[in-house]
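Whole structure, please, built from the sequences with the hints as guidance.
Line by line, the protein sequences give chains A, B and C.
Numbers 1 to 158, taken from our numbering, label the letters of the first sequence in order.
Numbers 1 to 158, taken from our numbering, label the letters of the second sequence in order.
Numbers 1 to 158, taken from our numbering, label the letters of the third sequence in order.
Each hint can be trusted.
Pair ranges (Cβ atoms, derived):
id, chain 1, residue 1, chain 2, residue 2, range
1, A, Asp92, C, Asp4, 14 to 24 Å
2, C, Gly91, A, Arg124, 19 to 29 Å
3, A, Gly57, B, Gly63, 39 to 49 Å
4, B, Glu54, C, Gly108, 19 to 29 Å
5, A, Ala6, C, Gly141, 42 to 52 Å
No wet-lab data here; the hints were simulated from the structure.
Glycine is no exception: its CB is placed at the ideal position from the N, C-alpha and C atoms.
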Amino acid sequence: MRDDLASRLQALEDREAIRDLIARYGPLADSGEAGDLAQLWTSDGIYAVGGMGEAQGHTAIAGLIEGVVHQKLMQDGCAHVLSPIAIELDGDDAVAVGYSVVFRHDAGEFVVERVSANRWSLQRGPRGWQVHRRDNALLDGTAAARALLSLPVARRRR
Amino acid sequence: MRDDLASRLQALEDREAIRDLIARYGPLADSGEAGDLAQLWTSDGIYAVGGMGEAQGHTAIAGLIEGVVHQKLMQDGCAHVLSPIAIELDGDDAVAVGYSVVFRHDAGEFVVERVSANRWSLQRGPRGWQVHRRDNALLDGTAAARALLSLPVARRRR
Amino acid sequence: MRDDLASRLQALEDREAIRDLIARYGPLADSGEAGDLAQLWTSDGIYAVGGMGEAQGHTAIAGLIEGVVHQKLMQDGCAHVLSPIAIELDGDDAVAVGYSVVFRHDAGEFVVERVSANRWSLQRGPRGWQVHRRDNALLDGTAAARALLSLPVARRRR
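What follows is the structure, encoded as structure tokens:
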């Protein structure tokens with residue numbers, strides 16, 4: 001019974017840790033903390049942004065934040081707002097799906113810059129839960145973006 | 001003491017299950033998985049969309065996703081982004097309130113198509129937590145939409 | 001071991017209580033429940049809105065909701081949509097960071113009225129977790145807004 005309680009507690013802690021990890025992405029991106037942001041990923045982690053290729057490893061992922069495109073966005077004023085996520089736990093692996101919406105300040109107004117499907121593959125290791133791979137794709141009507149949202153959910157409900 | 005821990009754990013698990021259930025709505029809607037989406041509801045569940053009537057039961061709710069309006073939205077590119085929710089647990093019943101924001105891709109840009117108040121009535125049954133009734137209303141200044149947001153919160157704070 | 005389980009459970013309950021507290025802000029604001037909204041704060045709590053000064057105490061915070069600016073927004077139709085938050089627990093204190101996005105209904109469409117960084121300082125007292133201070137700042141490119149997002153995250157990752 002005690003073991004049962006402990007394993008149920010562990011599952012909740014895992015979900016909480018994953019939720020917290022993903023909730024840190026936006027604040028780290030929008031405050032420009034490139035090094036801390038990269039540490040959300042494993043050392044061989046991948047951030048695949050649809051249409052912009054893949055960044056692999058901490059240096060490359062930090063480079064996305066340090067690069068001119070993101071720095072210009074920060075100067076304008078931006079918010080990377082991530083939605084609540086649905087999470088599938090599977091031992092030391094997990095998948096989470098949700099959305100990211102980027103708002104940009106432009107001439108005194110806020111515009112919706114990007115709306116993307118997000119699929120996160122996460123792993124538990126010596127440093128706790130980290131992102132192994134994040135796939136983003138603009139929800140612009142393409143089947144590829146919709147596919148990012150469909151996998152883990154379908155797996156669970158069947 | 002062990003029973004106390006177990007009941008506290010159960011309450012957290014209930015809240016987590018409800019949060020996860022609601023977090024699945026958007027990804028299922030935007031990937032067009034009508035059948036799986038309908039299974040979020042009980043077999044007699046209702047989805048009441050302000051100004052568009054009520055859909056009751058799995059076939060009718062799946063029909064909202066399979067219908068021409070939603071299919072057109074998916075072709076354009078859309079995201080049904082649901083906010084975090086406030087949850088009131090009451091045994092095998094629960095109420096949750098929050099927001100849904102629908103973004104649509106239009107001529108290379110993203111527009112805010114709809115912003116709605118959401119009130120969810122949930123029930124725990126043999127298949128776990130499911131939606132018994134979801135009420136949506138556009139936040140367009142009408143008192144009915146505001147009322148959806150006010151009930152469970154007021155109940156708790158008094 | 002039982003104590004260990006109890007303290008782990010407590011930490012999850014604390015995080016859940018804080019998440020729920022913050023999820024109530026939007027629904028209370030958008031349904032105009034000024035008194036209940038103010039009770040989210042401690043009696044000496046502060047709501048500091050960048051560029052608009054600070055409101056301290058329940059009467060002053062309720063006044064923000066009862067004031068003409070907010071009442072006009074409600075008449076137009078509005079949604080104060082708060083993002084998921086990253087939370088740092090430290091005993092009876094906590095810090096949470098996230099975003100708030102205000103949508104306004106305007107001539108049949110929804111516009112993005114404000115996008116702000118939010119930093120919450122929370123305290124546990126006899127009435128449970130309450131907000132001690134909330135700082136908001138428009139993400140308009142100013143360093144002050146970015147700074148609100150950077151603190152607790154940086155503290156944790158080091």
